[in-house]
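Which chain is which? The protein sequence lines are F and B, in order.
Residue 259 in the numbering used here is what sits at position 259 of the first sequence, and the numbering runs on without skipping anything.
Residue 148 in the numbering used here is what sits at position 148 of the second sequence, and the numbering runs on without skipping anything.
Keep in mind that a hint or two might mislead.
Since the list can't tell identical chains apart, any single copy or any two copies may satisfy a pair.
Think about it this way: if two alpha-carbon atoms lie no more than 20 Å apart in a straight line, the pair counts; the simulated EDC-like pairs of lysine to aspartate or glutamate are [stated by the list, open to error]: (1) K303 - E58; (2) K351 - D394; (3) K303 - E102; (4) K303 - D108.
What the hints contain is simulated information worked out from the structure, not anything from laboratory work.
2 protein chains.
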Amino acid sequence: MRFGVNYTPSSGWFYTWLKPDWDSIRRDLDAIKGLGVDHVRLFPLWPVLQPNRTWINEDGLADVRHMAMLASERELDVYSDVLQGHLSSFDFVPSWLVSWHEGSMFTDDNAVAAEAKLVSALYDALADIPHFKGLNIGNECNQFADATHPRRMAADEHGVQAWLEALMAPVHQKAHANGHVLMHSENDAIWYEDGHPFTSRQACNIGDISIIHSWVFNGTAQHYGPLSAQSLRHAEYLAELSKAFADDPGRQVWLQEIGAPQNVIDEADTPEFCRKTVEHVLDCENLYGITWWCSHDVNRGMKDFPVFEHDLGLFDEQGELKPIGKAFAGLARQYRDMPEPAARRQAIVVKVGQDGNAVLKSACAPGGSVFERWMEMSEAGQRPALVSSAQAVDRDFCKARGIEECIEVPMTPGLQYNAVSDPSLESKKQ
Amino acid sequence: MRFGVNYTPSSGWFYTWLKPDWDSIRRDLDAIKGLGVDHVRLFPLWPVLQPNRTWINEDGLADVRHMAMLASERELDVYSDVLQGHLSSFDFVPSWLVSWHEGSMFTDDNAVAAEAKLVSALYDALADIPHFKGLNIGNECNQFADATHPRRMAADEHGVQAWLEALMAPVHQKAHANGHVLMHSENDAIWYEDGHPFTSRQACNIGDISIIHSWVFNGTAQHYGPLSAQSLRHAEYLAELSKAFADDPGRQVWLQEIGAPQNVIDEADTPEFCRKTVEHVLDCENLYGITWWCSHDVNRGMKDFPVFEHDLGLFDEQGELKPIGKAFAGLARQYRDMPEPAARRQAIVVKVGQDGNAVLKSACAPGGSVFERWMEMSEAGQRPALVSSAQAVDRDFCKARGIEECIEVPMTPGLQYNAVSDPSLESKKQ
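So here's chain F without its partners, still in its complex pose (with noise of 0.2 Å):
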């Protein structure tokens, strides 16, 4: 199993960008490696390595390069993200897709043509580094779509497929041919957020893996317990979750963002919700890795982030390991070796429409019927999977799955839930 982090730069967060601080990063991927962790998830900013619609600043290339070779070199893998995007509350996009230059990143044709040639540079610059393992499209772009964006971007279902294949396509051949995977991520809207231009069909079918981030702030924490079943299992239930959207049976998921974060879960409670979250998740099939968020506390000298973003580091502000970066590092040790959990016998239906979403994203949310009866089934010990109701009647699929049994739900929707990081933006999501 892998076990990396999200690495968050201890100097200068990612405005180090700007002028890397190379003996801090080498400190910080020194100290990262000593956690017995194997990858690194990097995040470039977009207006850095981008500019000008037709500028690729070839300097930020270098330094991005600079860094995975950093890395590489003490036998970290690297994957890095391409368009940042959005960060901890803040979104980092180009001038000349803001203002006097509004316009949308996915469906301005002279923006996506952009956006793919910035994918195929980044990964021209990255595709001969010994560890270099892949490149994700952004982080959680389809924030930029979501209605309660306060500059939303347009983008329907089928811009937001045609921009994932065109940024894709690039390097797609190339990426394969040399061993490396292409995805892209998106926060938890598209699992449960109902007329999300973003669907689940997209997160499970396009790119090589299955993406997840699994943020317990979005509802889950407050109304059930930061160490309720709920909020230990929610990463779990994801992961499984993901399946239900996927054509091929064998689809990784990636756990790609998890963190504990310190404004619905007390300090002292973090090491356990990191242990068991951790080892909920370790017990579904083709998971492909766990990589925490983040490696580095943010310096509270820096502002205007969510309060607890300062928090989330496995290692704080001094650079000492903290409890829950000891746990994670424990974890990576004691389960880096496991073998495949067994298959999942028992599957909660999901109903779908001919698109094969769900026709109620909002039942799979937090209270949801979904979500409520996979919760209920889990801790009587029952380990269910969950499976489309197109997949359902599919018997070839459900046995290539392992699924012997396919149970009935009614489909109701959930809590209000929020998947934006700031709670005090919560207003404006109306």
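Use these hints to put chain B onto chain F, whose structure you have.
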């Protein structure tokens, strides 16, 4: 008389701040020095200098310092802007003021305090450079408060006044002790646009110099013709108009931006436009300097600029001096030691309210009664000044300016004018 250029780096435009190409910058400054001009105006990028509200990028400050040193070593005087802000149709606003963090740079207390710190930090970074002469708060920041701005930042006249004072206060004393000037600059909406929260009084009484930016794509060239008296005297008119709102009868005015935009002027006419414009404005008393926009053409490989931005340079993309560059260099040689022109004896009266601002700014705009009368008298060889109706009845003030006759005009509004640099964006202005 001071002659200088707004420095637009030939390699990478202002994106060069992401990783300055010092060899190219040295060559650019050598070329600028070779024009025989005496100063440059520099434009840092705000998101590079202050990516977080409470974290100033010291490396970014060091880069501005280094560029200023390179200019100073060539005995070019150096002025630097602080908040960019707005450049050639692109807005560069840090992530802590946009999207989920959208706010007003003018009236959010935390934002204003942060900006004041940046002004102070940049001042301290430049203060001891031999040829450093002063700071400009930002390039046409008033655009962000314009009703036509797609992401308008809230501010009323009092808020703007407080903002300007707050940003100058931290460095006011030491700048003056060091013989440096402090200023702020706006586009011509402050002279022409009724109801704009930035006022003519602020332009002429806050900071050490009144700043004018003269752009004949504002409707003047379109309506009267590019080589009409109205176009060729536009800068001269603005210089005189500024004096109608200054309490100090000896207040200096700086033609800080003047350019020959080829969306309205034929390329072949640009040297003539340059020559006549400069010669007209040199007939204004208390002129601080003339700074051409800009040094170098913007690379055509970079897209989404208003098309004429690629042709505004005195040097072309290959670094060759253009005919307009030769014209400007010749004017600098010819007029650098010219004596102060005589006082203007006749003044057209701009009717002002109790606040000292025009009761109808649009009467001062192209096509307005004040503008038209001033142009008629100028073409008749009468060298008219402009005074406010409050100044006109102040005998001491008129005497100090040498004004002997005041001429009343009705206040009737001018044409629809366009303060924004991209004609294709006009549709957004309704």
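Is it within a copy, between copies, both, or neither that the alpha carbon of K303 lies no farther than 20 Å from that of D108?
Answer is between: at 14 Å across copies they meet the 20 Å cutoff, but 33 Å inside does not.
Within, between, both or neither: how does the pair K303, E58 come out at a Cα-Cα threshold of 20 Å?
Classified as between; 17 Å across copies, 30 Å inside a copy.
Which holds for K351 with D394 at a C-alpha limit of 20 Å: within a copy, between copies, both or neither?
within (14 Å within a copy, 83 Å between copies)
Pop the pair K303 and E102 into one bin, within, between, both or neither, using alpha-carbon distances up to 20 Å.
Only across copies: K303 and E102 sit 14 Å apart there, 26 Å inside one copy, limit 20 Å.
When the structure is compared with the earlier hints, no violation turns up for any of them.
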